[in-house]
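A.B. asks: So the chains spell out like this:
Protein chains: 4
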Amino acid sequence: MGKNSCTNKLKIINDPVYGFIKIPFDIIYDLIEHPLFQRLRRIRQLGLTQFVYPGANHTRFQHAVGAMHLMGLAIEVIRSKGHDITMEEARGVTIAILLHDIGHGPFSHSLEHSLIRDTSHETISLMYMEQLNESFNGDLDLGMEIFRNRYHKKFLHQLVSSQLDVDRLDYLKRDSFFTGVTEGVIGSDRIIKMLNVLDDQLVVDEKGIYSIEKFLIARRLMYWQVYLHRTVVSSEQLLLMMLKRAQLLTANGMQLFATPALSYFLGNEPGKFDLSNKKAFLEQFASLDDNDIFTSAKVWCNHKDRVLSILSNGLVNRVLFSVKLDNNPFENDLIERMRKKVSGHLSISSDEAEYLVVSDSISNYAYSDMDDRITILDKKGNTRDIADASDMLNISVLSKTVRKYFLCYPKFIKELS
Amino acid sequence: MGKNSCTNKLKIINDPVYGFIKIPFDIIYDLIEHPLFQRLRRIRQLGLTQFVYPGANHTRFQHAVGAMHLMGLAIEVIRSKGHDITMEEARGVTIAILLHDIGHGPFSHSLEHSLIRDTSHETISLMYMEQLNESFNGDLDLGMEIFRNRYHKKFLHQLVSSQLDVDRLDYLKRDSFFTGVTEGVIGSDRIIKMLNVLDDQLVVDEKGIYSIEKFLIARRLMYWQVYLHRTVVSSEQLLLMMLKRAQLLTANGMQLFATPALSYFLGNEPGKFDLSNKKAFLEQFASLDDNDIFTSAKVWCNHKDRVLSILSNGLVNRVLFSVKLDNNPFENDLIERMRKKVSGHLSISSDEAEYLVVSDSISNYAYSDMDDRITILDKKGNTRDIADASDMLNISVLSKTVRKYFLCYPKFIKELS
Amino acid sequence: MGKNSCTNKLKIINDPVYGFIKIPFDIIYDLIEHPLFQRLRRIRQLGLTQFVYPGANHTRFQHAVGAMHLMGLAIEVIRSKGHDITMEEARGVTIAILLHDIGHGPFSHSLEHSLIRDTSHETISLMYMEQLNESFNGDLDLGMEIFRNRYHKKFLHQLVSSQLDVDRLDYLKRDSFFTGVTEGVIGSDRIIKMLNVLDDQLVVDEKGIYSIEKFLIARRLMYWQVYLHRTVVSSEQLLLMMLKRAQLLTANGMQLFATPALSYFLGNEPGKFDLSNKKAFLEQFASLDDNDIFTSAKVWCNHKDRVLSILSNGLVNRVLFSVKLDNNPFENDLIERMRKKVSGHLSISSDEAEYLVVSDSISNYAYSDMDDRITILDKKGNTRDIADASDMLNISVLSKTVRKYFLCYPKFIKELS
Amino acid sequence: MGKNSCTNKLKIINDPVYGFIKIPFDIIYDLIEHPLFQRLRRIRQLGLTQFVYPGANHTRFQHAVGAMHLMGLAIEVIRSKGHDITMEEARGVTIAILLHDIGHGPFSHSLEHSLIRDTSHETISLMYMEQLNESFNGDLDLGMEIFRNRYHKKFLHQLVSSQLDVDRLDYLKRDSFFTGVTEGVIGSDRIIKMLNVLDDQLVVDEKGIYSIEKFLIARRLMYWQVYLHRTVVSSEQLLLMMLKRAQLLTANGMQLFATPALSYFLGNEPGKFDLSNKKAFLEQFASLDDNDIFTSAKVWCNHKDRVLSILSNGLVNRVLFSVKLDNNPFENDLIERMRKKVSGHLSISSDEAEYLVVSDSISNYAYSDMDDRITILDKKGNTRDIADASDMLNISVLSKTVRKYFLCYPKFIKELS
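Chains E, C, Y and B supply the protein sequences, listed in that same order. Note that the numbering used here gives residue 171 to position 111 of the first sequence, counting from 1, and the numbers run on in steps of one. Note that the numbering used here gives residue 233 to position 173 of the second sequence, counting from 1, and the numbers run on in steps of one. Note that the numbering used here gives residue 407 to position 347 of the third sequence, counting from 1, and the numbers run on in steps of one. Note that the numbering used here gives residue 323 to position 263 of the fourth sequence, counting from 1, and the numbers run on in steps of one.
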């Protein structure tokens, strides 16, 4: 009994999005209390998005708890439609969703392109789960099987990770709530009510088709209006360049203030994570969060390296890059010309100017027709891909990767030209 | 001064959707006070939709006031982008939107297919506006010019009536609010912020493109989930058949209780509205509202005509038809078979059974590419139709009329077959 | 099984206040479908309040369903605190709350002071419940015992009717939602979470004390800002006087259009309801609703009786009385002077003027210290009355009846004086 | 023109509480862009409250912008009631509210009791304003006069700081929103609509009396349910003790990692802030924020000083003190006994145990009848204190300081006893 319910412990978390959230199992309570999970309180869900939407300070902790809440609703709905989910399975799938992002570090996108290159947060999540499983004496076994999609009831994994998982159902709603972009709001509760299972696969009842359409459109809207907002992108580039610069200076033996955890990653040659240093890596990574980045950047504002100080100052005082977007790559000529202006203006080398004039691309697709398709179930028991079921959505477009090229450069350049 | 602002009168209406709504001009206050406008308090915006969504009791009064509020916001936005709207024009376009639905009767759809056949609510709106204009000594002249699209600044008319008018921006939001179908919520305020004017035409700033996509998808969702909800459709058929039956019985000289206004329309041969009876028609129509239909139906529940009493009882006690939907017309054979069953079961003639087994079609398109297109304005000043600007929406589908066929029949038929 | 759950029937109602509401038992579904309950769709919860707050068109149907929903939450909370509520009891108390207002007619306050004088809606509710119980073969027995407070677990009755019943928890929240008076919003869910049971009495856990304070203050705010709003009061007087006038004219043998149900009550001598006419009374009353009042008033606008036509016109076209409020009764001299003005102005008798110049009082108390006190339970198991437990609320004031006197008179009087 | 409006710059901030917020003046835009204001992005409005309410990560930046927004509404309302506010005054009072909290550091309460003892955030705010005024060439003169209450129109200062200032109107609403304690929601917009001015004093129109009652009750609720929540209090004690301990260790010459800004304050003898070090103090303080505290604490978790490491670990991993509340001071005997247990259990000195067993008090009053009273204005132009105007609120209680004593101690103590 104790194992499969939440007994004598705090049972309720107050969430501005859903109201009261119940903690359904004792082990969920214990996992939430664990330092590895508590650290998610110190990692913003949307990184630097708060530079554009000042309300976006919500954390990965809040998201994980919210997704756990939606999982409870989904389990209830699926059971009510006559599909068996045992208490053990419910517990497992709830563990899986609670921990699905446990391996996220601060500003994941920027970090994964600099300090921990070649080590994805998914890999780290799995390693932390293994650690936790050990300290919980194997009690996470089933949860991890589901997470890894090795459990025979495939729909349980799909609830955790697919194109219609409760992960997305929470983060779209939550990000919309905290950014104030009310148009991104999705009907999580209605979509969950439409979930069903056929042949161990997650499907959507036919009358949920309009909700799915709206979900995909809202997701696309959130991508372009929030996640890939030009100013968010330029902020991330600022951060990425700052970290790369700090890494280079460190490699060159220059003295640089950094918190211990950040020191570790600045000194650690990127991409060199392997079994030999796994334990140290995980330990250091666990103590790295948003705070380390900001405290270090504040000190670097006064660093004698011109490039580092400009970038750090930009991050700390929100002096962002200008940014141009285009559907085609920017011409090298143009980029070179801008770098020259910058190097001339600041009396820095052209290599150094590369940190201040940056061009790359971002991309997004709203729906993938490759795997984990969203499947619609009609009343006669037939299934169709949403791409076929919806006469409305141009799925070939939705599933096409949209790529946009950007060019970031210091605001003062305009005045030079 | 007095003419162009709201001076010494009640200035605020409390609206659950927008909060406090200010009345911007004295004449708007006076028009709201007028009996012709007050009657809109007695006409539900969504007719019988409350049979499916019990919250949907909001009235045409509320909608008209809400649309007036959005018009104020739109005027402010357009002015802030450097386009001139004089105080006179602001006043005119506000009058136009306030009165745009003044000619609606109760359950418009059903009524226009029975009692007032061939007389649309648009026609009646215009006639009431003329009446009002007379009693206001021509003070509505400019408003009516705008309403009729005879004013040279075309965008003012487009704010009142186009594919992106404040009429839709209010009713989608409002209907979504009162039905509880939260997914239909649109970002009226953001869309309004994106409005602009080019060459006297209403356009949308480029970065509003995702909001427009979402607006069109939400509109489609509301159509199928609310406006054309199968149970709403079957309720309207019940009402339509009841009115037609009452009309026939009246024509046949049978005694029938009815409120005076309803009596007039039951006795008036449909389609016979012309100049000779215009005055009486308008006077009687102005005193007809939701209440007349329900009070009369309650009495008819006990009428000796079997068909009338079944239909009235269905309306009063919410004993609705069963309804089947299909993409193709139902076969005559099937319909005939069902009518036979009904006539046999109830011992009524096969003519009478036609009131109880009804087949027809409903249709909808989300976007019309014929006229009043939604035009996107990019930063360079170029315009494109939303159909071209959005890579996402399948506009050819959106603009295609979707037609669905329905077959309504008494619930007891199932048991017979 | 079938008896104690909701099986094969529609299970969900969409409510704009709470979202999806589940129907918990088959009998609840059947009761909702019953004509006696369906008629509540045609009776506004707040009568003429929509004259002041145009959004207030929600019905007694919506309120009853909402209160039923809160009952489900309350049952769950109380059970979770270790108190037994059997499935039968849950079913009974849910029936009791669903039907608690089944005896309401249209505009109860005005009606109970005119057409059905001396017959309260509570009495009628009980009689309808008896009727329903018969047609459901005694299946409502336990529900009625609880409703009548004859069941030994007193807290079940208190959930239905007490100073902290789910009736109030729903209507305060709902009325606040639909009027747009957001300040009246109460934390129904938090209050329910704080409910507990001690010695078969409903109590509130100590940490809910601030929520209770806020509930009482919000209730008081709603009283003065909505329920007893001066314009609402004056509207009700208009209606009351109109009905009284129509009653008098009928008694005097004057011809008067009225719907059949309204005819019955106009002709029925008030206060004469007894066993001899019980059946007819209940039948006629069941077919009386908001629609009858409005349709009849519309016809009376043109009645030759000056008083009736003025009052009816006031109701139909929202030409309301002026109203003065005072903490003391208005002097007879003043009232007489005003009546004289009116009778002179309109050339009517002074008796007739009494229908147009009306003075009476309204009263309210926020908390009664007489019975059904709100009891606070501290952690040691001790209880105190909220009046003692709250150092903040001036309960002696809260529990004091506040009486305000009003004087209603036609708007044109000002111009005469 | 440019001076008194917002011209060519970003004009809108998206806020989840109010939606779109317009920036009304260019100087407001420039102040928001200033590093001193940007740093407020890095300081949570509610410090450690996120330990109890995970959504409470909103920042002082958001609050300042929100209060600025409400100021705009208040100005509009007061002008609409015929009171003159010049453009210069509007600009000044908006500057004053935007900067009213500019001197806040991280976790103000804990910091002011440790690192910067005897220097209140109000003092620091004023010093930063002076700095800003210099760099803006005296453009903040009028704003500072209003802030310091030296301007002759006293009501302008009262809008910034009084018992009904827009500061409170924003933070109560905002804190309620982000904590999810929906009961704390106040009707900011309605209260603002009721504001008026008499003899240069801010007053409230009579019909706002119920809103004020509700505001005071909501404020009280927020105090006990959020601001002084026992777990929030115990978290702050943990932080306070950690900082004190670090300060002592530093004074004792022990090596301690700290960010540069934190180092400064750890080394700076508390209370020693004077003119001689003002410039350094302000500079260092400006670079101190939430991040410094957390990064340092993370390192201290492994410090060899047992007390520091326990406290730091508590803060980082949310291993909070147990806490007892009482209306009376805890007896010294009890406290000593607990300290002994702790020192025995951990093998630390009894001096050291004082950092782990802490007793102090918290206090709050909801309304002060000493100064800045809330004044109600009736229709005849008479004024009364809310304490007299409200028959409902027990103002003598509301204005009485409520003091509660707390005792914090490590969780393991329970097991020892």
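Keep in mind the hints are simulated off the structure, nothing from the lab. A portion of the hints provided could be inaccurate.
Same chains, same names: a pair is fine if it fits in one copy or spans any two.
Claimed, not checked - Taking lysine-lysine pairs in the DSS-like style, the calculated list, with each CA pair at most 30 Å apart, reads:
1) 400 / 141
2) 82 / 364
3) 338 / 71
4) 71 / 474
5) 141 / 364
6) 213 / 464
7) 267 / 364
8) 71 / 440
9) 471 / 253
A.B. asks: Have a look at residue 213 and residue 464 and pick one of within, between, both or neither, based on CA distance no larger than 30 Å.
C.D. replies: neither (39 Å within a copy, 38 Å between copies)
A.B. asks: At most 30 Å between C-alpha atoms: does residue 400 with residue 141 qualify within a copy, between copies, both, or neither?
C.D. replies: Classified as neither: same-chain Cα gap 65 Å, cross-chain 37 Å, threshold 30 Å.
A.B. asks: For residue 71 and residue 440, with the copy left unspecified, which applies at a CA distance of at most 30 Å: within, between, both, or neither?
C.D. replies: Only across copies: residue 71 and residue 440 sit 21 Å apart there, 41 Å inside one copy, limit 30 Å.
A.B. asks: Between the shortest in-copy and the shortest cross-copy C-alpha distance, which are at most 30 Å for residue 267 and residue 364: within, between, both, or neither?
C.D. replies: This pair counts as neither: shortest intra-copy Cα distance 63 Å, inter-copy 41 Å.
A.B. asks: Are the CA atoms of residue 82 and residue 364 at most 30 Å apart within a copy, between copies, both, or neither?
C.D. replies: Intra 52 Å, inter 39 Å, cutoff 30 Å: neither.
A.B. asks: For residue 338 vs residue 71, is the C-alpha pair at or below 30 Å within one copy, between two copies, both, or neither?
C.D. replies: Neither: 35 Å inside a chain and 49 Å across chains, both beyond 30 Å.
A.B. asks: Tell me, please, which holds for residue 471 and residue 253 at an alpha-carbon limit of 30 Å: within, between, both or neither?
C.D. replies: between (49 Å within a copy, 27 Å between copies)
A.B. asks: At 30 Å max between alpha carbons, let me know whether residue 141 reaches residue 364 within a copy, between copies, both or neither.
C.D. replies: Neither way: residue 141 and residue 364 sit 65 Å apart in one copy and 45 Å across, limit 30 Å.
A.B. asks: Between residue 71 and residue 474, at a C-alpha cutoff of 30 Å, which is it: within one copy, between copies, both, or neither?
C.D. replies: between (56 Å within a copy, 21 Å between copies)
Hints 1, 2, 3, 5, 6, 7 from the earlier list are contradicted by this structure; the remaining hints agree with it.
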